[in-house]
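> Line order of the protein sequences matches chains W and B.
The first sequence begins at 0 in numbering that gives the first Met the number 0 and counts up one residue at a time.
The second sequence begins at 0 in numbering that gives the first Met the number 0 and counts up one residue at a time.
Don't read these hints as lab results, they were simulated from the structure.
Quantities reported herein were computed from a predicted structural model and do not represent experimental measurements.
Please note that a few of the clues may not be correct.
[Stated by the list, open to error] SDA-like cross-link-like pairs, simulated, lysine to any residue; straight-line CA separation at most 20 Å:
(1) LYS114/W / VAL4/B
(2) LYS35/B / LYS51/W
(3) LYS52/B / TRP86/W
(4) LYS35/B / ARG174/W
(5) LYS51/W / GLY10/B
(6) LYS51/W / ALA2/B
(7) LYS32/B / PRO180/W
(8) LYS35/B / GLU179/W
(9) LYS64/B / ARG30/B
(10) LYS35/B / GLN172/W
(11) LYS51/W / LEU3/B
(12) LYS32/B / LYS51/W
(13) LYS51/W / PHE81/B
(14) LYS32/B / ARG168/W
(15) LYS35/B / PHE173/W
(16) LYS35/B / PRO180/W
(17) LYS51/W / VAL4/B
(18) LYS35/B / GLU175/W
(19) LYS32/B / ARG176/W
(20) LYS51/W / LYS64/B
(21) LYS51/W / ARG30/B
(22) LYS43/B / ILE28/W
(23) LYS35/B / ARG176/W
(24) LYS35/B / ALA171/W
(25) LYS52/B / GLU179/W
(26) LYS32/B / MET169/W
(27) LYS43/B / LYS51/W
(28) LYS32/B / ILE178/W
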Amino acid sequence: MRYVKWTFWTLVVLIVGGFLHYTLPQRDIVRVVNTYQERQDLHDWTRIFWAKPDDQSTTLVNRDVQFIQTVDARGRPRVYRNEDTGWSWPPYFKFDTANLQTEAEDLKSTAEAPKWASVTHYGWRNEILSIFPNAVAIRRVEGPDVRIIPWLNIVILSILAGMLLLLWRMWAQFRERTIEPVLEDVGEAWDKVDEHADQARGRLRRWLDSWRAKPPRT
Amino acid sequence: MIALVRLLVVGLAVLTVFYWLIRIYSRSLRREKLEKRWEEEGAKGDRDDYVRKGLEEYDASIRPKLIVLVYIVPTIVFAVLFYIINFT
């Protein structure tokens with residue numbers, strides 16, 4: 000039973016944590032090397048990792064997607080897709096893909112004369128599944144070592160925690176004020192029934208006893 | 000366009016659920032407070048009357064009206080986010 004409980008909670012943490020890790024914005028400091036556009040097949044289950052920029056895109060089997068190729072300070076490649084998220088999930092309401100592509104193009108630089116930029120993105124890179132994080136914004140920064148405090152994530156996570164706490168308080172209040180009085184009423188009613196039954200049983204027992212053989216008179 | 004309609008409908012539904020939960024919760028907290036206060040004041044007069052009068056005062060006050068912020072704040076956040084993401 001303990002293993003079931005632990006497995007359950009591990010799964011919950013993994014799923015919720017994974018979901019937040021995928022959806023919340025993160026920032027990388029990188030150097031843009033190139034941008035390109037490539038036809039993507041979107042007809043298998045990995046479709047869930049691509050955006051739905053407009054209504055028709057849900058029925059399309061393939062379409063062109065823009066990409067931003069970058070390299071981070073340690074020389075590791077980081078490739079982002081650049082897609083509108085539109086009105087659908089995740090709620091970034093991004094419609095400026097073409098502008099972002101232009102900004103990225105403008106920031107292109109070489110290793111010898113690097114221009115560093117912070118790319119805000121959500122999503123995961125996985126080479127085997129061919130999935131890419133979606134770039135949401137790009138901004139020029141001083142150098143590769145700027146410290147970025149994720150204020151937005153702090154705010155979002157605090158609000159989520161606050162909402163959980165509120166829901167928990169609501170549930171406690173509802174239980175205290177609504178469920179428990181009803182249970183008490185039921186308990187009292189049940190006690191009465193029980194008492195009644197005891198009395199009835201007592202009467203029955205006495206009546207039955209009256210039929211029993213009496214100890215012989217001496 | 001369908002996605003926008005879906006966003007509006009789902010958003011409105013979620014916010015409405017939250018609005019009612021908070022409304023009921025806040026009123027329940029006030030009722031509990033009134034019941035306790037009645038006891039502290041020495042249990043004078045009818046308890047139900049006392050609580051009812053207190054809740055009428057609560058309903059007329061600004062507090063329950065502030066719960067409408069449940070609709071207003073997310074809408075403002077959405078507008079600001081939309082502007083920052085797409086136009087800055």
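> Taken at face value, is the distance from the CA of ARG176/W to the CA of LYS32/B at most 20 Å?
holds, 12 Å
> Given the hinted pair LYS35/B and PRO180/W, is their alpha-carbon gap at most 20 Å?
Within the cut-off at roughly 17 Å; holds.
> Checking one constraint from the list: CA of LYS32/B to CA of LYS51/W, max 20 Å. Satisfied?
violated, 50 Å
> Would you check the hint for LYS35/B and ARG176/W, treating anything up to 20 Å between C-alpha atoms as holding?
holds, 13 Å
> Can the restraint linking LYS51/W and PHE81/B be considered satisfied, given a maximum Cα separation of 20 Å?
Judged against 20 Å, a Cα distance of about 17 Å means the pair holds.
> Next pair to validate is LYS35/B with LYS51/W; report whether the Cα-Cα distance is within 20 Å.
Measuring from Cα to Cα gives roughly 54 Å; hence the hint is violated.
> Is LYS51/W within 20 Å of LYS64/B, Cα to Cα?
violated, 38 Å
> Do the alpha carbons of LYS51/W and ALA2/B lie within 20 Å of each other, as the hint requires?
Holds, because 9 Å separates the two Cα atoms, which is no more than 20 Å.
> Holds or violated: are the alpha carbons of LYS51/W and ARG30/B at most 20 Å from each other?
With a Cα-Cα distance of about 48 Å, the restraint between LYS51/W and ARG30/B is violated, given a limit of 20 Å.
> Is it true that the CA of LYS51/W sits at most 20 Å from the CA of GLY10/B?
holds, 18 Å
> Hey, LYS32/B versus ARG168/W, does the alpha-carbon distance stay inside 20 Å?
holds, 15 Å
> Decide if the proposed pair is consistent with the structure: LYS32/B and PRO180/W, CA atoms, cutoff 20 Å inclusive.
holds, 17 Å
Hint check: violations occur at hints 1, 2, 3, 12, 20, 21, 22, 25 and 27; the rest are consistent with the structure.
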